[in-house]
Amino acid sequence: MFTSFFYLLRSRGLNVSLNEWMSLVEALDLGLHGSSFTGFYYLCRSVLVKSETDFDKFDGAFLEFFKDMEFATDELPQELLDWLENPKDMPSDEFDMEKAMQNERLSQSEIQKMFLERLEEQKEEHNGGSYWVGTGGVSVFGNSGFSPRGIRVGGQGGQRRAFQVAGERKFRDFRQDNTLDTRQFQMAFRKLRQFSSRTEEARTEFDIDETIRETCDNAGKLKVVYDKPRKNTVKLLLLMDSGGSMEYYSRLCSALFQAASKSSHFKDLQVFYFHNCIYSKIYTEADLRPRSVISTDWILNNLSSEYKVIIVGDAQMEPSELLDPSYYTFGVRDQITGLEWFKRFKEKYPHIVWLNPSERPTWGGWWAKTYDIIHKEFDMYRLSLDDLNVALKKLMVKR
Amino acid sequence: MNTTFQGSKDYVASDELMRSVNIAIALQKPLLIKGEPGTGKTMLAEAISAALGKKLIIWNIKSTTKAQDGLYVYDVVQRLYDSQFGNEGVDDIKKYVKLGKLGEAFSADEQVILLIDEIDKADLEFPNDLLWELDKMEFYIPETKETVKAKQRPIVIITSNAEKELPDAFLRRCIFHYIEFPDEQQMKEIINVHYDAIEEHLLEQVLDTFYWIRDLYNIQKKPSTSEVIDWIQALVLGGIDPDKIKEKIPFAGVLLKKNEDIDTMRRYLK
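Respectively, the protein sequence lines represent chains P and Z.
685 is the number of the first residue of the first sequence in this note's numbering; add one for each residue after it.
250 is the number of the first residue of the second sequence in this note's numbering; add one for each residue after it.
Rather than coming from a laboratory, the hints here were simulated on the basis of the structure.
The C-beta atom is built at its ideal place from N, Cα and C for all residues, glycine as well.
The reader is advised that the hints may include incorrect statements.
[As the list claims (entries may be wrong)] Chain P regions said to be covered by chain Z (calculated; three or more residues, Cβ under 8 Å):
#1 706-715
#2 720-727
#3 904-911
#4 1019-1027
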């Protein structure tokens, strides 16, 4: 049953598995939807959707699927009709189910129009019945009443219909359309490991071999030996292009940054920012404001060559930015080109890769020109999951 | 299951939350709770425990926690030391196997509530290491050749602050609920649970200001429920005139914990 809903959810990018679907079927058997369409909506959501970022996709798909049913009433699943006919809180009398079922076929705009007309006509209070706006009853308007579709007028939100809840789409802000998943990036970063027990850790790990040896040397009197736990010694230096043409890839880059900074297994992580090209000054913050400026030489002098370096940038700029020795930056005319600075990094750090969020530009001469120059100097990879894995493997071996 | 969760007198639960709790209980699956800090994720387990009258076992996760810690710990070193002095019962391995929180929950005679708090604090692989145990509600202890199997499947509540993404395989086994930040009406109910007699006018001024601050564009750490509750206490104790709250925002440090945020707020205030 509803199998098409399952496939609709999957086609809308929700990663629903058969396991979860079976759970939903089980839940419906147990009657956990509480005999109401709204209950059904919440049940589906809590069983099938596992992140608030996907709520909006789910709302969209839910609306799409169940809205269609008013036009194709023949295909109404029997279950749904059953719930609609047997709601828990149905009063025993005065309900004209036939009349109510007719409402099923009304569209939202028809209801809206009828509502305005009815408001014009109606001059008094109504409770029960099928026509007027009031409480109880099966009319499409009013509150505490029962109709498959309709407009609620006033009253508390306890009885909100699923259409209305889903229709609010209030999780829209959470949606990321995340084709990239920081977890996957994080898993990739795990490749950057180099274990060593020569770290400055407390000795907390029970060392069986040494304990046996020491105990034997001690004439059989127990002597427990502890060892330092093995720790990852990888240090990472991340240099990120920020601003300008990189704005376009900011989400991708920030996902990479998040993944790197959340990966707590690095011994050290240093992040610096530049705009288009590295010169004698580099920034500690992504907003590239003067207060976060430090000297590039400081990095080269202080961060040892065991750091593994990832440069993230699109490598596309005006050629003079890369090649002109007197390109003006921060009042420093040191006659050193941007390219030269890049080369210094390459010389100092044997483990260095370039991640590029963009492909080689096929238009505009100079954009491709700087791309090609940099590509020749560095191992360049696309900033995608597959390429990141390759790039990180590359970082672990000497060139 | 004849018991369902209906909220408790100290805990205001939304309809949706109660639905999710009851779905998780009925389907016997772990309930994963996510939400902004301060929306009462941890308190939920306490409330369920109180409402259903079941014992609560809390497993607090830290960055160093391993899945194994929750199952059992085999104290080799103690056993070695004991054997040195020929203490009695050294040959009984059971004596040195101590059950962790998960093991405790499984071996309880009555159904308990197990809260796995802040699961995202642990290592990336942590949730995956618990898949079998949470699915089958059992685990094997090789040292004693015993299987610990849940006598009564515990009700498992898991909270996450979304510091790390959880693995798909783990998520598939959970019922998921996202606690939205309470709207003004719910917030009033929550505050009334904490304070008996709050002057209506004061409460309105407080909430107006509170939601105004939360909606400011570049507040980095938005104040949450626990902060507004502390703030009300500060205002009441300080005897602040309710009409001054909006324009002066006294004791702003209780609401906003970052200097930048206080500066931002002051800027908007002018």
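Open item on the list: Three residues or more, CB to CB closer than 8 Å: is that satisfied between the stretch 904-911 of chain P and chain Z?
Closed with: Our answer is that it holds, as 3 residues pass the Cβ test (under 8 Å) against chain Z, meeting three.
- [ ] Quick one: see if chain Z covers the stretch 1019-1027 of chain P, three-plus residues with Cβ-Cβ under 8 Å.
- [x] violated (count 0)
Open item on the list: Closer than 8 Å Cβ to Cβ for three or more residues is the test here. Does the stretch 720-727 of chain P pass it with chain Z?
Closed with: Coverage by chain Z holds for the stretch 720-727 of chain P (3 residues, Cβ < 8 Å).
TODO: Verify the coverage statement for the stretch 706-715 of chain P against chain Z, using a C-beta to C-beta distance below 8 Å and requiring 3 or more qualifying residues.
DONE: holds (count 4)
Comparing the model with each numbered hint stated earlier shows that hint 4 is the single one that does not hold.
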